[in-house]
Structure formats: C-alpha cells, structure tokens
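Q: Please put together the full structure from these sequences, using the hints given.
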Amino acid sequence: MALTRPSQSSSIFKKRSSNALASAASYLSALSQADASARARNSSHSSPTSTPALSLSSSVTTSSSEDTVLHEDDYMNDPVLASNKDGLLLPPRPPTSEQVFTTVHTEFGHSAQEEYRTTSQHPAGKPLAIHVPQDPPYYILLSTYISYLILIVLGHVRDFVGKRLNPGSYKHLMPRDGYAPLNSDFDSFYTRRLKTRMDECFSQPVTGVAGRTILLLDRISPDYNHTYVFTGTRTRALNISSYNYLGFAQARGGCADAVEESIKRYGISTLGSRLEGGSSDLHAISESLVAKFVGMEDALISSMGFATNSTFIPALVSKGCLVISDEFNHASIRFGVRISGANVRMFKHNDMKNLESLLREVISQGQPKTHRPWKKILVIVEGLYSMEGTLVNLPALMDLKKKYKFYLFIDEAHSIGALGPHGRGVADYFGINPRSIDILMGTFTKSFGAAGGYIAGNKALIDRLRVYGHSGPYAEAMTPPVLTQVMASMASIMGLQQTMPTSSVSEPTLVRGSEYHHPGPSTRLIPPRMDQPPPALASGAEGRTRLRRLAFNSKYLHHGLRKLGFIIYGHPTSPIVPLLIFNPGKMNMFHRLMKERQTPIIVVVVAYPATPLVTSRVRFCVSAAHTKEDIGDVLDLKHGRGERWSIDEVIKRAVELGTSEEE
Numbered sequence: 001m002a003l004t005r006p007s008q009s010s011s012i013f014k015k016r017s018s019n020a021l022a023s024a025a026s027y028l029s030a031l032s033q034a035d036a037s038a039r040a041r042n043s044s045h046s047s048p049t050s051t052p053a054l055s056l057s058s059s060v061t062t063s064s065s066e067d068t069v070l071h072e073d074d075y076m077n078d079p080v081l082a083s084n085k086d087g088l089l090l091p092p093r094p095p096t097s098e099q100v101f102t103t104v105h106t107e108f109g110h111s112a113q114e115e116y117r118t119t120s121q122h123p124a125g126k127p128l129a130i131h132v133p134q135d136p137p138y139y140i141l142l143s144t145y146i147s148y149l150i151l152i153v154l155g156h157v158r159d160f161v162g163k164r165l166n167p168g169s170y171k172h173l174m175p176r177d178g179y180a181p182l183n184s185d186f187d188s189f190y191t192r193r194l195k196t197r198m199d200e201c202f203s204q205p206v207t208g209v210a211g212r213t214i215l216l217l218d219r220i221s222p223d224y225n226h227t228y229v230f231t232g233t234r235t236r237a238l239n240i241s242s243y244n245y246l247g248f249a250q251a252r253g254g255c256a257d258a259v260e261e262s263i264k265r266y267g268i269s270t271l272g273s274r275l276e277g278g279s280s281d282l283h284a285i286s287e288s289l290v291a292k293f294v295g296m297e298d299a300l301i302s303s304m305g306f307a308t309n310s311t312f313i314p315a316l317v318s319k320g321c322l323v324i325s326d327e328f329n330h331a332s333i334r335f336g337v338r339i340s341g342a343n344v345r346m347f348k349h350n351d352m353k354n355l356e357s358l359l360r361e362v363i364s365q366g367q368p369k370t371h372r373p374w375k376k377i378l379v380i381v382e383g384l385y386s387m388e389g390t391l392v393n394l395p396a397l398m399d400l401k402k403k404y405k406f407y408l409f410i411d412e413a414h415s416i417g418a419l420g421p422h423g424r425g426v427a428d429y430f431g432i433n434p435r436s437i438d439i440l441m442g443t444f445t446k447s448f449g450a451a452g453g454y455i456a457g458n459k460a461l462i463d464r465l466r467v468y469g470h471s472g473p474y475a476e477a478m479t480p481p482v483l484t485q486v487m488a489s490m491a492s493i494m495g496l497q498q499t500m501p502t503s504s505v506s507e508p509t510l511v512r513g514s515e516y517h518h519p520g521p522s523t524r525l526i527p528p529r530m531d532q533p534p535p536a537l538a539s540g541a542e543g544r545t546r547l548r549r550l551a552f553n554s555k556y557l558h559h560g561l562r563k564l565g566f567i568i569y570g571h572p573t574s575p576i577v578p579l580l581i582f583n584p585g586k587m588n589m590f591h592r593l594m595k596e597r598q599t600p601i602i603v604v605v606v607a608y609p610a611t612p613l614v615t616s617r618v619r620f621c622v623s624a625a626h627t628k629e630d631i632g633d634v635l636d637l638k639h640g641r642g643e644r645w646s647i648d649e650v651i652k653r654a655v656e657l658g659t660s661e662e663e
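So in this note's numbering, spot 137 of the sequence shown is number 137, and the numbers just go up one at a time.
In silico lysine to any residue, SDA-like type, Cα no more than 20 angstroms apart, as pairs:
#1 K163 to M174
#2 K171 to Y190
#3 K638 to V614
#4 K348 to Q134
Quick list of simulated restraints, FRET-style, between CB atoms:
#5 D223 to G366: 52 to 60 angstroms
#6 E356 to E98: 50 to 58 angstroms
#7 P181 to I263: 43 to 51 angstroms
#8 Q134 to P175: 45 to 53 angstroms
#9 N225 to S646: 33 to 41 angstroms
#10 A331 to D199: 18 to 26 angstroms
#11 T207 to M346: 35 to 43 angstroms
#12 N433 to Q134: 29 to 37 angstroms
#13 H226 to S436: 52 to 60 angstroms
FYI, nobody ran anything at the bench for these hints, they're computed from the structure.
Here the structure is a predicted model, which is why all the values come from computation and not from measurement.
The C-beta atom is built at its ideal place from N, Cα and C for all residues, glycine as well.
A: Laid out in structure tokens, this is it:
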C-alpha cells in the first residue's frame, strides 16, 4: 500500500506556515494563502464557484478560536508533529472557503470529494457470490510449515536444556509443595516459544482518541520481548486497527457534547443491575431506539458485547434443544452454547448446501439415543465474520428457514451500522424484512463508538430474556455516558422526525408522533443536548455521509489490494479486509515495516489460535474516518492471481475500484 503525496498546495502551505501557526486563526490564514495559490497554479484542484478567502468564521464550531475544527491539541506543543512530515495531522488538500468541516482531521479525515462515496447494498435478485479462499503457491505453504516446525523443535530443545542448566527459570511450570502447576508445560509452550518471538505485534499501548489516527507510546524490549520499557516518545500513526467503522470515535462533535451533558445530569454510573435499581429513563429510551433502528418489536441492552451472547444464549436454549452453528462463529457464541446444555452441531462456513444436509439429518434422526424430536432447533450465524471478512448468505439462509422451520439467530456485532444503505445491518444490505428473522444480536463497540450489546426480537421473547438472562439480575447496567453515545450516534444515522428546515438540507420536515416505518427516522429521542441537534445530525445527512464513505473505503481497499497482487479474504463491502501473510516470520516484520513508513500505519496482526496455524494474516479495519488518500514487495506477499496493477494505477482508478460491484 502507499499513500498519495501531498499536493503542491500542501507543500506551499508548509513552507509559509513554519512560523505562522501559533494559533488556529493563523492556521486558517495560511490555509487561505495556500488555497489561493493552489487555484492560481492548478485550476483542477479548485471549485469554479469557490472564493479564495477562507475566513475564521467559516470553519469554527463555536465562538472561540481555540475550538476551531482544524485545531489539534498536540500540534501546538509537539515540534515533531508541527512539521506534519507524516501527512497525518493536516489535510493534503487545504479546504476552500465553501467547505466547512465539523471534525478534527486526525479524528475524522476531511474529505469533500463526492465521487469518493458509494452505497452498501446488494443488487436485488442477484445471488451472493460464494467466497472461495484463494490458496497461495505451494512453496509458501511448504515454507510456512517448515518455519513452524523449526520453531517448535528449537523451542523443545531450549526447554530441555534450560530445565537442566537453569531450573530456576522454570519454577512456574514445576509442581511446588504438593500443588500442581497453574500453567502446564504443554499449555504454555506456544506462548513462551512462538508468540513471545512476535510479541511486538500485540498489545501495543496507545493514548488519545482512537480515531482516524492514533498516538502510539513508543517502547523497546531489552530482553527479547519478555518485558518492555517505554522510551517517553510518541508516534502518530494511521489507525487501520480499530473497529471505528463509522468514525464516531471523536472527542469533539455532537455526540461528544451529548455525552458530556449526560455526565452532568446522570453521573457516570447507575450503580446497580437492571433488575435491582440500575435502570434509568435512558435505558428505556435507548432500547426503544435500538428496536426501531433494527426494525424489531422490542430490544434489550447489555453492558458488554461478549456477555450479550454468553449470558442470553443459555436463556434461549437448554437440554433437549439443538444449536446449529457456523464453524467460524465467535468465541462468545461458543461459550454461550456450551453452558446452555444444548446439543451443538457445526456446518462448514457459509456453506448452505452443507447446512441443508445437516438439517435433514438432525430433523430425521432427532435427539441422540431417544430419537425424540428436538424441543427447538436454533441456527446461529454472524452477519459479518470478523476474521474472514465474509458476509452471511442471508437470502439462501432465509429460503432454508422457510423450508425447515428453524429459529434463526444472527450476530451482527460487526455488520450493524456498517452495512446496508441505511446502516441497519445484513437485513438492510440484502433488502430482507428484519421481522422475518427471529433474533438479532449486535454490539455498540464498533460502528457506534460505545460499548455493550443488544438483543432484539418480539416483545414476548425480550420480556422473558430480561428475567432469565444472567445480565439482567447480575451484570452492572450500562452507564449513562455510554448510553448517550449510543443514542446520539444511532440518531445521527436514523435522523429525527422533527427537523428544522435549512437551506443546506433537502429533507422534508417530518411531524413528531407519526407512525414509524422501518427504516425511518427516530420517532422519539430525548438524550441530553439533543432537543436542538445540529441540522446535519437531525436530518440524518451526517449519518448517510459516513455510511457512503465507509462503503467506498471498504471497496477501494479490497479491490486495490487485489489488483496489487495480494491474497485478500472476504467480500468487497466488508470493512474488515484480511490480508494473508502465512509465514510466522513475516508477521513481526510486516508490523514493523508499517510503523516505520514515512506515514506510520498501525495494523492488527492475527495469528493462531485466532486463525488456523498456517493462515496468519493482517486485518485491516476500514473506517468512514479515513480519506481516499489514507487508502511492498519486501515480504513476498503478492501471491494473488489475475491482472496486476501498479500502485499508481490503483490510485488513478480509485473511483472505479471504490464503486465497482465486482465480487
């Protein structure tokens, strides 16, 4: 991957602004000069109707110059960041006078190009293309197996010698005073001898807002990754590792203002479980909003996404029931099914023929030994698989549901907010009525920039889960600031029914209290500071922009990496883009090379046991906060087949790649 070089106007700006950026006002003045110079030199970078002046009042969110949207906290105090040498702090294209950005560039990138937008929607009537993972050349697989074999052999040799020459280092693995060791030698071998070699890839400490960019706390290891020492310096990097799909991880803006106000009104916690004094009016409002957002009759929320599955699945099924689970389902689903006592069968990932064959078998055979009919059959799938980037084949699954009459549970942790023309998940993406699905589960930790999860379904089911789900009586209720973030971000996607007509918004004014039709604007929303929301938020324009930016960025990165020759998993509309690395020795090197670029990039490297042993990968998580400009043969990673483009060709044909319907 490579980034486009800053434009000529950006270089002019940097030359003239070395001594003039003591305040946000002087920055805007410098941008004005750069903007005027850029239009004079290259008319292609300007709008024919724009004016060269860029006043302070046109780019501020409040009356204070210290709150200008182009102001950066660490820019004023850090001389290294002040040079903008990595291109992350300031936009490569200075905004014109008609472009009023309401975000901070490091948190949500400034992008006014409408051609870098598209819609996340599956063509009606077209079957979903089956994703077939591409295999690498045989020499890559062979070298990967040999690499692991060498590491395992060397690890056992070192253990054998070390236990005899330096037994003190292995005390934690030996029985002591009649007690068995807490960590057995076999269980800890992978961690000690393989994972430790590449620990630099994991648990990277960060600080600040996890938005478009993120600040890394630099560290070094004096003892081969056993311990780390902080150097006291920081590195700003492009953040392609967070689940910030819609870019709501912001410290400024309408959502942040609402959260700040909620802390003043409600405090930081309700200090109780939902069934024991922990419920508030915010919980009731947010559950009503979530139900309308996903198109279900009712919903309940939980303070933790993992706990949403692990505590509510046991309330859905028990002994005598059967759960049919996709083989790549999340650990929270596996854990919830395990403690429920229900029988479980797995089918091949997203393979509807295999699922139908399994359904025929389990329905005809019934329960083991007794062969009695199952009390209920629950099929559990994910809308978007976090390690594969693949979408569930929902149209084919719904056909099977009509034919075999099972209950369907869809985990939309990664798809809710990120897929569909209205951001309502896989049902919205495929144009399927969500009421035809029995249970929809999702989390707020990805697209909404918050925490927790939800379960949505019919009212009778949700009322039962409120009592029988362990989260209700035992888990701490979701905190008011988190609830407010959920409501504010969700409302900016839905829009509000009562909007103020403005010249910049073409949406019709709606009347509060009219009947709600899914998908539609919110009929009731009363979080703090939302009685008079900004027009773009109230109309849903901000949410639509974020959805369309995310859809373009996802397709552009996916198709671009494929054209460059990399092996990529998943569907093009997925904001999760796994790039296969295979060899364990390449994981640490890839992570390091990405951080040492002129524009540092922080990525997530995923290895066993989260993935199969030989399919280690780097997982790019695309966000609406990234710009088109945000989106290496050194490691020998270009093993993909088909036509290959140069990086210049990929950049030149960005619009074609970002709007392509190719699967």
